[in-house]
Every structure is written in structure tokens, then in C-alpha cells.
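Model the full structure from these sequences, guided by the hints.
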Amino acid sequence: MASIARKNLFEDVPRFLVAQAGIMFAVSLVTIQTGILNGFVQSTGQLIDQSGADLWVSSKRMQQLEVSPPIPLQRLLQVREMEGVAYADPLAIRQVLWQTPKGQTTVARVYGFQPGGAFFTQWQLVAGEVGDLKTPYTFIADRANLNTLDLHEIGDRGLVGSLPARLVGITKNTSSIVSGAILFTSLETASAYTKTGTTIRCRIRAGATECLTALEDPYNQNSASSTPPKAPEPISLADPISFVLLKAKPDQNLEQLRQQIEAALPDTRVVTNAEMAEITRSFWLRRTGVGFVLGLGAAVGFIVGVVVVSQILYASVSDHLREFGTLKAMGASDWVIYRVITEQALWMAVLGYLPSMVLCLGLGSWTMATKGILILITPAIAGGILGITIVMCVGSALFAIQKVTHVDPAIVFKA
Amino acid sequence: MTLSQTRPTQSIFNGSYAASTPLISSFRNSMAVVASGVEMVYDSGAEPYAVLRGIDLEIQKGDVQLLMGPSGSGKTTLLSILGGILTPTAGKVFLMGQEITGMTRNQLAKFRLKNVGFIFQGFNLFPALTAAENVEVALKVKGLRGLQARRQVAIELLEQVGLADRMHHLPKDLSGGQKQRVAIARALAGDPHIIMADEPTASLDSQSGHAVIELLRQLAKNAGRTVLIVTHDPRLVDAADRITYLEDGMIHG
Numbered sequence: 001m002a003s004i005a006r007k008n009l010f011e012d013v014p015r016f017l018v019a020q021a022g023i024m025f026a027v028s029l030v031t032i033q034t035g036i037l038n039g040f041v042q043s044t045g046q047l048i049d050q051s052g053a054d055l056w057v058s059s060k061r062m063q064q065l066e067v068s069p070p071i072p073l074q075r076l077l078q079v080r081e082m083e084g085v086a087y088a089d090p091l092a093i094r095q096v097l098w099q100t101p102k103g104q105t106t107v108a109r110v111y112g113f114q115p116g117g118a119f120f121t122q123w124q125l126v127a128g129e130v131g132d133l134k135t136p137y138t139f140i141a142d143r144a145n146l147n148t149l150d151l152h153e154i155g156d157r158g159l160v161g162s163l164p165a166r167l168v169g170i171t172k173n174t175s176s177i178v179s180g181a182i183l184f185t186s187l188e189t190a191s192a193y194t195k196t197g198t199t200i201r202c203r204i205r206a207g208a209t210e211c212l213t214a215l216e217d218p219y220n221q222n223s224a225s226s227t228p229p230k231a232p233e234p235i236s237l238a239d240p241i242s243f244v245l246l247k248a249k250p251d252q253n254l255e256q257l258r259q260q261i262e263a264a265l266p267d268t269r270v271v272t273n274a275e276m277a278e279i280t281r282s283f284w285l286r287r288t289g290v291g292f293v294l295g296l297g298a299a300v301g302f303i304v305g306v307v308v309v310s311q312i313l314y315a316s317v318s319d320h321l322r323e324f325g326t327l328k329a330m331g332a333s334d335w336v337i338y339r340v341i342t343e344q345a346l347w348m349a350v351l352g353y354l355p356s357m358v359l360c361l362g363l364g365s366w367t368m369a370t371k372g373i374l375i376l377i378t379p380a381i382a383g384g385i386l387g388i389t390i391v392m393c394v395g396s397a398l399f400a401i402q403k404v405t406h407v408d409p410a411i412v413f414k415a
Numbered sequence: 001m002t003l004s005q006t007r008p009t010q011s012i013f014n015g016s017y018a019a020s021t022p023l024i025s026s027f028r029n030s031m032a033v034v035a036s037g038v039e040m041v042y043d044s045g046a047e048p049y050a051v052l053r054g055i056d057l058e059i060q061k062g063d064v065q066l067l068m069g070p071s072g073s074g075k076t077t078l079l080s081i082l083g084g085i086l087t088p089t090a091g092k093v094f095l096m097g098q099e100i101t102g103m104t105r106n107q108l109a110k111f112r113l114k115n116v117g118f119i120f121q122g123f124n125l126f127p128a129l130t131a132a133e134n135v136e137v138a139l140k141v142k143g144l145r146g147l148q149a150r151r152q153v154a155i156e157l158l159e160q161v162g163l164a165d166r167m168h169h170l171p172k173d174l175s176g177g178q179k180q181r182v183a184i185a186r187a188l189a190g191d192p193h194i195i196m197a198d199e200p201t202a203s204l205d206s207q208s209g210h211a212v213i214e215l216l217r218q219l220a221k222n223a224g225r226t227v228l229i230v231t232h233d234p235r236l237v238d239a240a241d242r243i244t245y246l247e248d249g250m251i252h253g
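Going down the list, the sequences are from chains E and G. Counting from 1, one number per residue, gives the positions in the first sequence under our numbering. Counting from 1, one number per residue, gives the positions in the second sequence under our numbering.
FYI, nobody ran anything at the bench for these hints, they're computed from the structure. Quick reminder that beta carbons are idealized off the backbone N, C-alpha and C, glycines included. Among the hints, a few may not be true.
Said to hold, decoys possible - Between beta-carbon pairs, the in silico distance windows are:
id, chain 1, residue 1, chain 2, residue 2, range
1, E, Val-358, G, Tyr-42, 20 to 30 Å
2, G, Lys-114, E, Leu-363, 51 to 61 Å
3, E, Leu-363, G, Tyr-42, 57 to 67 Å
Set out below in C-alpha cells:
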């Protein structure tokens, strides 16, 4: 026997297509918002995931990866001397002022680490070599940040404060959607960038003082200063860093090592790599409005879906009220009719879900490739969205079911 | 054809129909429909409005019974009550020997499922389903299991109404007469004892109307079904065994 639900659905193809477009819109909205939220959460901690560290040592007042008061470099040496530590490297994160090749300025973050060290070896380098960071005033950037930095290829240059910065490598999947552009550099370069201020050069000419631009390219021949900057100074014990990343010796109990470090260095907090990622993700999700805004978007999508599907099912049931009344007059129980309406809702859910998912996956690939924005649609999320879509459609059917429940079978006798 | 006002003696109907004296039992077995003192009053507006007033009626098994009368006389309301779709505000209705006025909504639905087939003026076919599928839906509702079995029975029923060759057509591709014949085939699903038809020829032209009338008569005579038809159509008078006139909610002789 033909499915009444399916046939009712396809009875009026244009209306069906309009309905499916509405459902697709709603499902896509929910999927994209959820995907962006998931991608955002994932991206805020992906650098930590890729660090390869067992433990992170930070200031006791550390909030998250990018909000952590500095600790002295001496902590690194102290950690290295501890039993159970295989090796440890510093990580310095600072905010700087980036000047693009076209002279526009923007805020960026410098991540200073040990090139060729034990950490951040899991990067996906699209171009260049990490080893090139040993050259002073060079950096690696995520390809998602190139637009912000106004750079295009290896060798392009900009300024950090009054110091030059040359792009020597391009990575992918290291940048968070929400943080600004990141410059991965050597610790020494990062230290120099952090210390650099804005230099205002003034000269006295004919008794008058003329001050030049604060930010200028020292390599520019028209610039007031044509001499290249001297190499960065070696870092000292007093230099500030943000974290000490460490790898424990094989079979070392991490909890024990954590307690040992915290006992020896009372001004520090020690967390595992997973905890660090969770702290950072949780910060962005709960302590900023981003999670709420994206969640709200998904909720709006859900509500839109409920409204669209409700209207379509209600209209469909209203159109076939006499036929449903006929079934009731024959003696069909209400459940027979509920099943028809529910099946219709399920068809709408599935037929709305499938193209939406294809659309969202395509959109996700496009945004990742062109904007570096991660719309993360995992199988679990795809399954969850299917569940939400089914709940949305079947829930919407309740209005139609309520309508048909109150149909007086005597309606069938009205011509 | 016998033109009669069917008003039984009050002694038989005073709540004693279900009793089992030999006389009453014999009477009960010969009747498909018995209505006793049926009233229907609506509480709409300032004053109650009585649509039916003290209707007493019996219809013999195998008869084609017409229920005629002017618009607003209460014919369709009486049909709804006799078909177990509406419950009267007073009185009793017995179908195939069972009192239906005391049944719950679910009991009534189950009773209709087994015993009553309906035909409507507006056909009420699912427009998205073919002729055969419309019949199959009814068969499924009536509890016939198996896709093949339902398809086979649907074809047989459509053959009975002379529409086997149109079984794959949608209602929009059928004429009014053909649609009504599909509706009749659907009403026959589950082999009900009683067919109740509301103005079955009102939307049909003369030729289609006659075909439907003849079909309904055959259904009654060949299979021993009782057919109750509400109609304005004088063409149906010749097909009827009995005719009851209703006016102002009362039966008139």
C-alpha cells in the first residue's frame, strides 16, 4: 500500500519544495551555528592539542592560554632540573602591534618558542621550515591569518613595533577563530618584539625640530633609518615567559610530577595538556559571550524549523481534514492518523536534513579553505543534528495532531 | 418497492429491545437498524435547538432504505447517529442487534470498522492516492494484513464496481461517477453489513447517477447488505425498498 504520508507530501511538488527549503534553512542554521561553535571551541585549544607537552607550568593566576601573567625564565631551568622531567621548553605569548606592508596596523600575538625543540612539532606546515625561525626577526603564521597580516607568501614582510618581521613559514589549523593573528617566532625574536617600543626619531634642521613617523620600515630606503636592526639579545633569567612546557620521562607518574613541581615552585600552577586545552576552551565558551551567541543562533534555527514545519504540516492536515475525517468515520483510531502525520514529519525531517548536511559540509570546506574558519561537523554532531531535526519535525507535528484529534467525523457529511 | 412510514409500536421499543423474548429476538434478527425515540438537541445560541425529535425507525436487513426530506430536516444528522458517528441526546439506536448509543467513542469506532461502510457526496478520496490505493487504505484500517492481500482485495472490489481498469488513476483523473464508484469500493472494504450513503448521486450527472444507484441496489440484493441512503434525488426512489420522509426533525408518513 502506498504511504499516505509520502504521497501527501509529494502531492503538491512546489509547496513541498518550499517547505523543504524552509527546513533546509533551519537545519543549516542549526548545523552551521553548532559547527561554528564546535569549530570555535576546537580551534581555541588546537594549538595546545598540537603542542606535544605532558604538563604546562604557568603562573598561578593563569586564566587560559592567552591570558597568563608572566613567569621568569628561571622557572624553566628549575623545571629542567627536576627528576622525572625529560625535557622542558619555554613559551612566551605577548601582544604586539603589527604593521602590514601597506602601513596599516593591527593587534597580533607573538608566540615565542624554541624552534627545533621538542614541542609544536605536530604542526601542519603548508610552506617553509620551522628551522628558518632561527634567523632573527622571522616568523611563521597560520594561513588563516595571512589576510589579517596582509601577507601572501613566504618572504613577505611587515613590522612589529619598529622591528622587521619576515614570513618564513605557513601553517594550517593552528589559529583560533577568535584570537588575533599569531606570529610564531623564536624565543629571542619574541623577546625583542615584546621589548620593542615605538621609536620616534627627531632631528633638528635649521633650528627646527622635525619628528618622523613612529612606525616605519627600517629596510625602506626612504625611511629615516636605513640600517638593519641588530640581532636580538640572548634571553636572560630575568626575561618573562608565559609557560614552561615539559615532557615527562617514560613511565613517570604525571600527577606525582605535577605535585612535585607545584611544591617546588609555589607561584606556579601545573596542568596537563588536556586540562590546559579544557581550561582554554572552557574560558572562551563560558566566560565570553561567544558560546551563548552561537548557541542562541542554533536555538533560533531550531525555532525557525519548528515554525516552518508546523505550518507545513498544519496546512497539509487542514487540506486533508475531510480525508482524515473519513478515516475516523470508518473507525480508524486516532493513532492511525497520528502515524500518518508523524511519518510525514519524519519524511520532511530526513529530506530536509540530507541536503542541508551536504550544503553545510560544503560550506565548511569552503570557509576553511578560504577564510580559515573551522565549521566542525563531526559524525557525532551530524547524528545529533539529525536527532534535533527529527525532534523538531515530529514536535511540530503535534500542532497538526492536535488539529486532527479534534476533527468531528461528522465533517465528512458536509459536502 | 414499498413506500411506508416505519414506526414500530412503542411496546417493543421501550428499552426492551435487548430483551430476549422469542418475538423480540426474531424481530431483532430481522432488523439491521432500529432507532427508538432518538432526539438530537444542540445547545448553540440562546435556546436549545432540536434537530431531531423522537425518531423511531427500523430498517430490515437487505433493504435499500431512502431517507428523504427537505434541506435542514435533519437527514444527515440522523444518518450520522444511525452510523454511530454522532451520539443522540436522547433515545437508543441498535445496529445489527447491538445497542450503539451506550458505547464509548472507541467502542463505536471499532463497531463502525466492522459493520458500517460510508459513502459521501464529496467522495472524500485521498487526492494523492490512486483508486486502488484509496481502497487499500480502507482495507488496512479495517485490519487486512499483507500488501499483496490488500492489493488483491482492492482489485476485486474495484472490479465489483467496474473500475478495475482505472485502478492506477488518481481521483483527479476520474469522472465524478468513477470517483463515487471508488468510494463505494472503499465502503465495501471489510465487507460491512450496512452501507450508509449521504447524497451519493448529488454531485453526479444523470448517467453516472443511474450507474451508482444500480450499483448500490446490486450491492444490497446480491450480498444481502442493508443500504441506507440520504438523498434529495428522486431518481433513487425506484431503487429503494422503503422510503422515510423527514421534516422538521420528525418522521412524516
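Checked hints:
For the hinted restraint 20 to 30 Å between Val-358/E and Tyr-42/G, the CB-CB distance of approximately 55 Å leaves it violated. For Lys-114/G and Leu-363/E, the hinted distance range of 51 to 61 Å is satisfied, since their beta carbons lie about 56 Å from each other. Range check, Leu-363/E to Tyr-42/G: about 58 Å between beta-carbon atoms, so the 57 to 67 Å window is met.
The earlier numbered hint that this structure contradicts is number 1, and it is the only one.
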